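Chain by chain, the residues:
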Amino acid sequence: MPLIDMTTHQKIFAVLTSSAVFIFILELLRRRRLKEEYSWLWILTGITMIIMVIWYTPLVIISKLIGAVSPVTTLFIFAILFLLVLSIHYSIIISRLTHQVKDLTQEMSILKSEIKETIDDR
Amino acid sequence: MTETLVIIPAYNEEKVIGSVLEGIKKTGPVYDILVVDDGSSDRTAEMARESGVKVISHLFNLGYGAALQTGYKYALRKGYDTIVQLDGDGQHDPAYISALLDAINSNEADVVLGSRFLDEGVYDIPFIRKTGMKVFSMLASVIMRQPITDSTSGYQALNSDVLHFYADPRYPVDFPDADTLIMLKRSGFRIREIPVKMYGSDKKSMHSGLTPLYYIFKMLLSIILTMLRKEKTIKDREW
Numbered sequence: 166m167p168l169i170d171m172t173t174h175q176k177i178f179a180v181l182t183s184s185a186v187f188i189f190i191l192e193l194l195r196r197r198r199l200k201e202e203y204s205w206l207w208i209l210t211g212i213t214m215i216i217m218v219i220w221y222t223p224l225v226i227i228s229k230l231i232g233a234v235s236p237v238t239t240l241f242i243f244a245i246l247f248l249l250v251l252s253i254h255y256s257i258i259i260s261r262l263t264h265q266v267k268d269l270t271q272e273m274s275i276l277k278s279e280i281k282e283t284i285d286d287r
Numbered sequence: 082m083t084e085t086l087v088i089i090p091a092y093n094e095e096k097v098i099g100s101v102l103e104g105i106k107k108t109g110p111v112y113d114i115l116v117v118d119d120g121s122s123d124r125t126a127e128m129a130r131e132s133g134v135k136v137i138s139h140l141f142n143l144g145y146g147a148a149l150q151t152g153y154k155y156a157l158r159k160g161y162d163t164i165v166q167l168d169g170d171g172q173h174d175p176a177y178i179s180a181l182l183d184a185i186n187s188n189e190a191d192v193v194l195g196s197r198f199l200d201e202g203v204y205d206i207p208f209i210r211k212t213g214m215k216v217f218s219m220l221a222s223v224i225m226r227q228p229i230t231d232s233t234s235g236y237q238a239l240n241s242d243v244l245h246f247y248a249d250p251r252y253p254v255d256f257p258d259a260d261t262l263i264m265l266k267r268s269g270f271r272i273r274e275i276p277v278k279m280y281g282s283d284k285k286s287m288h289s290g291l292t293p294l295y296y297i298f299k300m301l302l303s304i305i306l307t308m309l310r311k312e313k314t315i316k317d318r319e320w
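Just so you know, the protein sequences line up as chains C and L, in that order.
If you're matching positions, the first sequence starts at 166 in the working numbering and goes up one per residue.
If you're matching positions, the second sequence starts at 82 in the working numbering and goes up one per residue.
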């Protein structure tokens, strides 16, 4: 069965949305709302989205490789996988932050009590 | 003679914390006492201070295990080498502090648990909770190849080796339980149980609402993960 190509409609929509996402990321970075530390991931995502729409061949090849009926399916599969990995990534960061907040709170509570002791001793 | 610190984690216990502290003072020996107020919204910290004990307050509620750990970290910093911990809700009878300490000071064990089930007069525990406690204690007994009757017990005495272990980031901050005991055992610590008296608490338990389900899931997962990890033994551990 031949792979179904995107219609012009689909292409225009895809290019517009992926460009919008890309510009939005750049704008967030420009305003320093997004830390550069995480931005590489988003820049890469934006660029990949645009490339995949314009240069269709790799998507078709991958679709054949994984046995997807339509390239759009391939897009969805990888989008969902990407989101899943991203959520895990955030879970790791949140776990680390929770741990750090706990340690900081404990440390601060002890220090505060020591400061109080020093003041009371005077 | 070693320096002993009594650590009492407390969260919204303004009504009972005073009598708990009085109870400890009445037992005879003078202990240094530390109340860790885990972000209480009531007057727990003030009540404890009025009793003349040391109080450390968390800015917000971090959980039972984290409150205990603040106490351990403080104890390490101040150079205490024996710890007794009991809950601030009046469940644990302070009369058993010296019995717990004896087992530590005679070097029979590194950590001593006060077990409510070794004592004859057990208060009324709701059936489901009691079953949960028993199941996890049995599970711990099998894994540890040592009888454990009350893995949930927060009434413990420990020496400075265990103190270092508990102050470590690996210590679970929500409800330390069977998983912590298994971790201790796998690290080569000697664990003992002695009978203590515990009373029911009027307060809503921390294991209420949907929490029991989460608790069971978390505890099973935690035990499995503990088994999968290779713990350092006492000998090759670096603090």
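FYI, nobody ran anything at the bench for these hints, they're computed from the structure.
This structure is a prediction, so every number in the text was calculated from the model and none was measured.
Idealized CB from N, CA, C, for every residue including glycine.
One thing to keep in mind: the hints can contain errors.
[What the hints assert, rightly or not] Chain L side only, calculated, beta carbon under 8 Å to chain C, not exhaustive:
| no. | residue |
| --- | --- |
| 1 | HIS139 |
| 2 | LEU140 |
| 3 | THR151 |
| 4 | ARG158 |
| 5 | GLY160 |
| 6 | ARG226 |
So, going through the hints one by one against the coordinates:
About 5 Å separates the beta-carbon of HIS139/L from the nearest beta-carbon of chain C, less than 8 Å, and the hint is met. The restraint placing LEU140/L at the interface with chain C holds, with a minimum CB-CB distance near 6 Å, inside the 8 Å limit. A hinted interface residue such as THR151/L counts as satisfied when its beta carbon comes closer than 8 Å to some beta carbon of chain C; here the least separation is about 4 Å, so the hint holds. Here the hint on ARG158/L is kept, as its CB sits about 7 Å from the closest CB of chain C, short of 8 Å.
Because the smallest distance between the Cβ of GLY160/L and any Cβ of chain C comes to about 14 Å, over 8 Å, the interface hint for this residue is violated. Violation of the interface hint for ARG226/L is found here, the shortest Cβ-Cβ separation to chain C being roughly 32 Å, above the 8 Å cut-off.
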